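With chain H held as given, fit chain V onto it using these hints.
Protein chains: 2
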Amino acid sequence: MNEFDFIESLRSQANSRKHSTRVLTGIGDDASIISQSPGRDLIVTTDLLIEGVDFHRNATPGALLGHKALAVSLSDVAAMGARPFWSFLAIGLSREEWSTTFKDEFYEGFFALADHFGVTLAGGDISESRQGIIIDSIVLGEVASGAAVKRSTARPGDQIYVTGTLGGAAAGLKLIELGARVSEPGAVATGPSERTDDDAIQTLLVRQLRPQPRVGWGIVLGEQQLASAMIDLSDGLSSDLNHLCKESNVGAVIDAAAIPLDEDVRHLCGRRALDPLALALHGGEDFELLFTVAPENVTRLPKKVDGAAICRIGEITDQMGSVKITEQNHVWDLRPGGFEHFPS
Amino acid sequence: MNEFDFIESLRSQANSRKHSTRVLTGIGDDASIISQSPGRDLIVTTDLLIEGVDFHRNATPGALLGHKALAVSLSDVAAMGARPFWSFLAIGLSREEWSTTFKDEFYEGFFALADHFGVTLAGGDISESRQGIIIDSIVLGEVASGAAVKRSTARPGDQIYVTGTLGGAAAGLKLIELGARVSEPGAVATGPSERTDDDAIQTLLVRQLRPQPRVGWGIVLGEQQLASAMIDLSDGLSSDLNHLCKESNVGAVIDAAAIPLDEDVRHLCGRRALDPLALALHGGEDFELLFTVAPENVTRLPKKVDGAAICRIGEITDQMGSVKITEQNHVWDLRPGGFEHFPS
Numbered sequence: 062m063n064e065f066d067f068i069e070s071l072r073s074q075a076n077s078r079k080h081s082t083r084v085l086t087g088i089g090d091d092a093s094i095i096s097q098s099p100g101r102d103l104i105v106t107t108d109l110l111i112e113g114v115d116f117h118r119n120a121t122p123g124a125l126l127g128h129k130a131l132a133v134s135l136s137d138v139a140a141m142g143a144r145p146f147w148s149f150l151a152i153g154l155s156r157e158e159w160s161t162t163f164k165d166e167f168y169e170g171f172f173a174l175a176d177h178f179g180v181t182l183a184g185g186d187i188s189e190s191r192q193g194i195i196i197d198s199i200v201l202g203e204v205a206s207g208a209a210v211k212r213s214t215a216r217p218g219d220q221i222y223v224t225g226t227l228g229g230a231a232a233g234l235k236l237i238e239l240g241a242r243v244s245e246p247g248a249v250a251t252g253p254s255e256r257t258d259d260d261a262i263q264t265l266l267v268r269q270l271r272p273q274p275r276v277g278w279g280i281v282l283g284e285q286q287l288a289s290a291m292i293d294l295s296d297g298l299s300s301d302l303n304h305l306c307k308e309s310n311v312g313a314v315i316d317a318a319a320i321p322l323d324e325d326v327r328h329l330c331g332r333r334a335l336d337p338l339a340l341a342l343h344g345g346e347d348f349e350l351l352f353t354v355a356p357e358n359v360t361r362l363p364k365k366v367d368g369a370a371i372c373r374i375g376e377i378t379d380q381m382g383s384v385k386i387t388e389q390n391h392v393w394d395l396r397p398g399g400f401e402h403f404p405s
Numbered sequence: 062m063n064e065f066d067f068i069e070s071l072r073s074q075a076n077s078r079k080h081s082t083r084v085l086t087g088i089g090d091d092a093s094i095i096s097q098s099p100g101r102d103l104i105v106t107t108d109l110l111i112e113g114v115d116f117h118r119n120a121t122p123g124a125l126l127g128h129k130a131l132a133v134s135l136s137d138v139a140a141m142g143a144r145p146f147w148s149f150l151a152i153g154l155s156r157e158e159w160s161t162t163f164k165d166e167f168y169e170g171f172f173a174l175a176d177h178f179g180v181t182l183a184g185g186d187i188s189e190s191r192q193g194i195i196i197d198s199i200v201l202g203e204v205a206s207g208a209a210v211k212r213s214t215a216r217p218g219d220q221i222y223v224t225g226t227l228g229g230a231a232a233g234l235k236l237i238e239l240g241a242r243v244s245e246p247g248a249v250a251t252g253p254s255e256r257t258d259d260d261a262i263q264t265l266l267v268r269q270l271r272p273q274p275r276v277g278w279g280i281v282l283g284e285q286q287l288a289s290a291m292i293d294l295s296d297g298l299s300s301d302l303n304h305l306c307k308e309s310n311v312g313a314v315i316d317a318a319a320i321p322l323d324e325d326v327r328h329l330c331g332r333r334a335l336d337p338l339a340l341a342l343h344g345g346e347d348f349e350l351l352f353t354v355a356p357e358n359v360t361r362l363p364k365k366v367d368g369a370a371i372c373r374i375g376e377i378t379d380q381m382g383s384v385k386i387t388e389q390n391h392v393w394d395l396r397p398g399g400f401e402h403f404p405s
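Just so you know, the sequences run in chain order H and V.
Under the working numbering, think of the first position of the first sequence as 62, with each following residue one higher.
Under the working numbering, think of the first position of the second sequence as 62, with each following residue one higher.
Bound-form chain H, shown alone:
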């Protein structure tokens, strides 16, 4: 049984044992939706980050890990079209790590991002681990009643969009695995002079280690009821688009030429005759938003939010379960090729 099958079986168990009619959406979306009061729904998400699996300690400065732990959960809240308010952190550290400066750097990075989005650290837990760093990041947010954007509500004819560019985080991970290291937390050359390979490498490392959750886009898309369905790109476009289509009982066709490739990925791949599209399709952790928009709402979409643009990459179809990608004159099946913890 693979990870997604197991989650599916857990979901049906949880649904059959549901004691609270106030759980509007439980297992199976980016976050859970709980009916809170006549005017508001509560959004809850939790993300477990484990050393050696979700991050490599020697490639990850503490401050960047603190940033990322919060960022991944903010991204889930954004994918529901909600506004994040409160964070809880459960942290396991070995005795060795406890005596280093790691935890101070971690909270420094965490608080910088939390302050940026007005999120309050409201609680947590600290425990000892036998080995390695363990972080569970929990974020609670809110949305107007019924306005949360689910994965399951895309309709045929809806246009498919993504924020930002894709492939950068996966390229960053590959660079880390090849031994590249970030030169200084957050320091990235962005001057007008010619970009070198080193600049591109540093930018991609930061894309992997310091993802920018699309909190502003999430709020705009939710509050203005612009998105018909949404998911964040954590597993990878091919996997996450398949998740969204499966939940919505629809299909999709996207255009390879329309996918916004990360320019640094393009730069490095071009010099090495590699294919940046594969990273954009199957690489995970870009933490961009993938969302669908009904045709009548397309003109209402803002061009940019918080500096991030969007691209239209395709359209939802009524071909249930059929996710296709067109490339010049070819049409391919786009099968999930993204990240899975436990493949079958």
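One or more hints might be untrue.
Which copy? The list can't say, so a pair holds if one copy fits it or any two copies do.
To be verified - Here are the computed lysine to any residue pairs in the SDA-like style, where the Cα-Cα straight-line distance is at most 20 Å:
{"#": "1", "residue 1": "LYS307", "residue 2": "ASN76"}
{"#": "2", "residue 1": "LYS235", "residue 2": "LEU338"}
{"#": "3", "residue 1": "LYS79", "residue 2": "GLY179"}
{"#": "4", "residue 1": "LYS385", "residue 2": "ILE320"}
{"#": "5", "residue 1": "LYS235", "residue 2": "LEU322"}
{"#": "6", "residue 1": "LYS164", "residue 2": "SER77"}
{"#": "7", "residue 1": "LYS365", "residue 2": "SER96"}
{"#": "8", "residue 1": "LYS385", "residue 2": "THR257"}
{"#": "9", "residue 1": "LYS164", "residue 2": "THR360"}
{"#": "10", "residue 1": "LYS385", "residue 2": "HIS343"}
{"#": "11", "residue 1": "LYS164", "residue 2": "SER70"}
{"#": "12", "residue 1": "LYS307", "residue 2": "GLU157"}
{"#": "13", "residue 1": "LYS164", "residue 2": "GLU64"}
{"#": "14", "residue 1": "LYS164", "residue 2": "ASN63"}
None of these hints come from the bench; they were simulated from the model.
Just so it is clear, the structure is predicted and the values come from calculations on it, not from any experiment.
Same frame as chain H, but now just chain V:
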């Protein structure tokens, strides 16, 4: 810096950066209190359980671990005088463990307890761990606005009570460390025939592995506004009473003879000339409730809730920071002797 000093520094950082006036209580209590709507406050708690630290895999059947993961968080919600509603589980498993029946047994034990208290599994996360089982258990509950019972509101003259009996869970842990194993999940001899050492050992193992959170007591004490302050006994009576007194800026004096010792601990200790009082004072994980009651409310206390009785063990004093225990004609300082992950 020890664990509690670090939490204290984190608390002051979080408070100085508080963006939300709706966080009524953040770090520093059994759970956090968030103002939800004019009538209700939201209670949030998270507890991290790590294999090899918080439990021993070879002594802990999966179903009992599923029970305990939920029980420890339900106990925190009870300690706030609140009613639990929703649970979220973040779980890390090694690839090896993923292919065993562990996760099925775990959720079986979890759902049995969740169903008992009408708690709905509303979400979570699954991740791979490099080694061992990692569980973060998150429970959300609710309480009438302003009715949550904090640690910080005990007043001199208040009477101090505990639910149930103490020392059993710590004795169970010692037995596990000595090699004792539970004979069958949940199977405990309770017949009228003479209790043997084996019966006592099995009961104590279950006290450690399958704690009973005092959910009913928590709700009654909160809803009827009977408790002036409350904490659950997770670290141990000596530590947790000191926590409560410190937060409330008061002192306490308790009577050794009044402490409800676990009868099986007494039975086994008696035959080995050991002191059951030490386990009751400094042993952790009984998950009983320690609470204070204003003198005028003492007669309103029920005798039992859900079969669990309470004992009056002492009184709150105005001697800030002075926690004493009387034993016959002696008075001792009761210093925190309970569990700490990272002692200084």
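Status of the hints after comparison with the structure:
Taking the closest pair of Cα atoms, LYS307 and ASN76 come within 20 Å of each other only inside a single copy of the chain (18 Å); across copies the shortest separation is 43 Å, beyond that limit. For the identical chains of this complex, LYS235 and LEU338 are intra-copy neighbours only, at 15 Å inside a copy versus 57 Å across copies, given an alpha-carbon limit of 20 Å. When the C-alpha separation of LYS79 and GLY179 is checked against a cutoff of 20 Å, the pair qualifies only between copies, where the shortest distance is 8 Å, while the shortest distance within a copy is 33 Å. In this homomeric assembly, LYS385 and ILE320 come within 20 Å of each other (Cα to Cα) only inside a single copy, at 13 Å, whereas the closest approach across copies is 69 Å.
Proximity of LYS235 and LEU322 under a CA criterion of 20 Å is satisfied intra-copy only: 16 Å inside one chain copy versus 58 Å between copies. Within a single copy, LYS164 and SER77 get their C-alpha atoms only as close as 41 Å, which misses the 20 Å cut-off; across copies the closest is 18 Å, which meets it. Within a single copy, LYS365 and SER96 get their C-alpha atoms no closer than 31 Å, and across copies no closer than 34 Å, so neither meets the 20 Å cut-off. For the identical chains of this complex, LYS385 and THR257 are neighbours neither inside a copy (36 Å) nor across copies (69 Å), given an alpha-carbon limit of 20 Å.
Taking the shortest Cα distances, LYS164 and THR360 never come within 20 Å of each other, neither inside one copy (46 Å) nor across copies (48 Å). Proximity of LYS385 to HIS343 under the C-alpha cut-off of 20 Å is restricted to the intra-copy arrangement: shortest distance 14 Å within a copy versus 63 Å between copies. For a Cα distance limit of 20 Å, the shortest separation of LYS164 from SER70 across copies, 12 Å, qualifies, whereas the shortest one inside one copy, 37 Å, does not. For a Cα distance limit of 20 Å, the shortest separation of LYS307 from GLU157 qualifies neither inside one copy, at 45 Å, nor across copies, at 29 Å.
Taking the closest pair of Cα atoms, LYS164 and GLU64 come within 20 Å of each other only across two copies (12 Å); inside a single copy the shortest separation is 31 Å, beyond that limit. Proximity of LYS164 to ASN63 under the C-alpha cut-off of 20 Å is restricted to the inter-copy arrangement: shortest distance 13 Å between copies versus 34 Å within a copy.
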